[in-house]
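Participant: Quick note on numbering: the numbering used here labels position 278 of the sequence shown as 461, and the sequence is numbered without any gaps.
Wrong hints could be hidden among the right ones.
Said to hold, decoys possible - Computed beta-carbon distance windows for the label pairs:
1) Thr252 with Arg221: 45 to 53 Å
2) Trp532 with Gln384: 30 to 38 Å
3) Pro290 with Arg410: 38 to 46 Å
4) Val443 with Val303: 22 to 30 Å
5) Phe225 with Pro416: 24 to 32 Å
6) Phe408 with Phe498: 39 to 47 Å
Unchecked claim - Subject to a maximum C-alpha distance of 25 Å in a straight line, what follows is the list of computed SDA-like cross-link-like pairs (lysine to any residue):
7) Lys545 with Gln255
8) Lys279 with Asn512
9) Lys279 with Val351
10) Lys536 with Leu526
11) Lys247 with Ser474
12) Lys545 with Leu256
13) Lys247 with Ile372
14) Lys279 with Val522
15) Lys247 with Leu335
16) Lys247 with Pro328
By construction, these hints were calculated from the structure, which means they are not laboratory data. The beta carbon of each residue, even a glycine, is placed where N, CA and C say it ideally should be.
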Amino acid sequence: MSPSQPRLAWPDIAKGISILGVVLLHVTLTVPESSETRLAAFNVWLDPLRLPLFFLVSGYFSSKVFSFTFPQLFARRLWYFLVPYVVWMAVELQVKRVELHWVFESPLFDRNEMLFNMVVGHTMAWFIHALIFFNIFLWCVRKLPGWLALLLSFAPLLFMAWQAHYTVIAKAMMFLPVFVGAAFFRDWITRFAAEAEAPFQSRFTRTTFFVYAGVIASYAGGFLFRRAWDEYPQEVFIPWPLPGAEYLTSNEVHIMVRFVEQTLEVPFGIVMAIWVSHLPKVSTALRFVGSHTLPIYLGHPIGLTIGYGFFMAWFPHTVSLDGQTLLDNTRFWLIACFVFAALAALALWALGKVPIVGWLLKPPSITHLVETAPRRDHPENEASSSMGAGPTRPHRIQI
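Go ahead and model the full structure; you've got the sequences and the hints to work with.
Facilitator: What follows is the structure in structure tokens.
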């Protein structure tokens with residue numbers, strides 16, 4: 184057996200960029216007038232890269248699903264998604280409902296609404312909901328040729344007429360093909376990343392030139408395609424032969440435009456992550472963040488609701504960029520909300536270290552229930568591996 188491969192840097196960095204971008208998005212959506220700050224402008228630039236990078240990395244490390252039975256799929260992957268999703272989304276939804284109860288005097292608890300939102304993924308952690316179904320889909324198409332599996336991943340398009348009611352349809356349209364493509368064509372991505380890193384290894388071949396030229400052209404194409412759509416002045420109506428609506432409108436077309444934009448720009452995201460991997464201090468920080476994404480994803484919306492939402496419910500302030508006092512100023516609350524998000528993420532990370540209680544975040548292995556000789560596949564124990572000669576070591580479930 185060959186020596187273990189070193190852990191790849193760029194996937195963790197890509198995930199670190201993704202989660203920080205998600206926190207940035209939610210903070211700017213929370214604080215009034217933050218859309219007029221430079222942070223919001225940065226968020227607009229990051230938008231086509233943020234979640235496509237996350238689902239690309241998740242798919243990249245999901246090819247092991249091809250060899251699973253369904254019980255193995257549940258025990259070794261879905262189990263680690265379901266437990267934290269059910270537990271922490273119940274907490275997040277209820278915390279938000281408490282805020283709304285204080286502000287609008289709405290019911291303090293609504294079991295049916297909570298169950299509906301969790302089942303259809305109308306939560307801040309919709310990405311875990313998506314990963315559950317994406318992994319099931321990947322398992323279902325595992326024996327098909329890659330091109331056919333990728334073609335079938337566009338099936339959400341058939342249900343686009345209902346996307347306004349079930350946002351999971353739009354999410355699947357934008358990200359399922361990326362996830363499936365990354366799993367089936369992992370070798371291509373590995374070779375692409377190797378060529379993108381070639382200049383840092385003192386080699387620059389013709390292939391490297393074409394990779395960089397292609398990345399630039401692809402990114403420019405995505406940028407211009409989205410700009411052309413944003414500047415299109417008329418409402419779009421496309422006759423729709425399937426159930427749900429007579430026409431698809433600009434709202435549905437916008438989702439497909441975003442998919443094209445993201446697909447064309449995500450190669451640049453990989454290259455960006457590779458470049459950052461050669462910046463020592465920045466790389467170390469982003470790799471740390473990228474390897475601890477779960478408590479950040481789950482914790483930060485709870486922190487924002489408790490820190491900002493609860494405070495404003497009890498002590499209302501008119502927050503603006505021109506606010507004269509600290510508690511009326513957008514910039515102060517932007518900083519405060521990042522602190523709230525960080526503290527909540529840190530709290531969940533610490534909770535995950537507590538025996539037994541930590542199972543709420545990182546459930547215990549149940550592989551012994553479906554396998555005679557269980558493998559050490561807990562998402563905190565698996566080590567991500569690079570592609571190359573020799574056997575592949577188990578890697579952590581990428582969240």
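Participant: Each hint should be assessed against the structure and marked as holding or not.
Facilitator: Verification of the hints:
1. In this structure the supplied range 45 to 53 Å holds for Thr252 paired with Arg221, their Cβ-Cβ distance being about 51 Å.
2. Hint check: Trp532 to Gln384, Cβ distance near 34 Å, so the stated range 30 to 38 Å holds.
3. Taking the beta carbon of each, Pro290 and Arg410 are about 44 Å apart, inside 38 to 46 Å as hinted.
4. The hinted range of 22 to 30 Å is satisfied by Val443 and Val303, whose Cβ atoms lie roughly 26 Å apart.
5. The hinted range of 24 to 32 Å is satisfied by Phe225 and Pro416, whose Cβ atoms lie roughly 28 Å apart.
6. Between Phe408 and Phe498 the CB atoms are about 46 Å apart, so this pair conforms to the stated range of 39 to 47 Å.
7. Between Lys545 and Gln255, the direct Cα distance comes to roughly 18 Å. Compliance with the 25 Å bound is thereby established for this hinted pair.
8. Proximity of Lys279 to Asn512 is assessed by CA-CA distance (about 23 Å); at most 25 Å being required, the pair is judged to hold.
9. With a C-alpha separation of about 20 Å, the suggested pair Lys279 and Val351 falls inside the 25 Å cut-off, and the hint holds.
10. Proximity of Lys536 to Leu526 is assessed by CA-CA distance (about 16 Å); at most 25 Å being required, the pair is judged to hold.
11. Restraint check for Lys247 and Ser474: the C-alpha separation of about 19 Å stays at or below 25 Å, so the hint holds.
12. The straight-line distance between the Cα atoms of Lys545 and Leu256 is roughly 17 Å, inside the 25 Å bound, and the hint therefore holds.
13. Between Lys247 and Ile372 the CA atoms are separated by roughly 16 Å; this keeps the pair inside 25 Å, and the hint holds.
14. Of the supplied pair hints, the one linking Lys279 and Val522 holds, its CA atoms being roughly 19 Å apart against a limit of 25 Å.
15. A C-alpha spacing of about 20 Å is found between Lys247 and Leu335, which places the hinted pair at or below 25 Å, so the restraint holds.
16. The straight-line distance between the Cα atoms of Lys247 and Pro328 is roughly 16 Å, inside the 25 Å bound, and the hint therefore holds.
Comparing the model with each numbered hint stated earlier shows that all of them hold.
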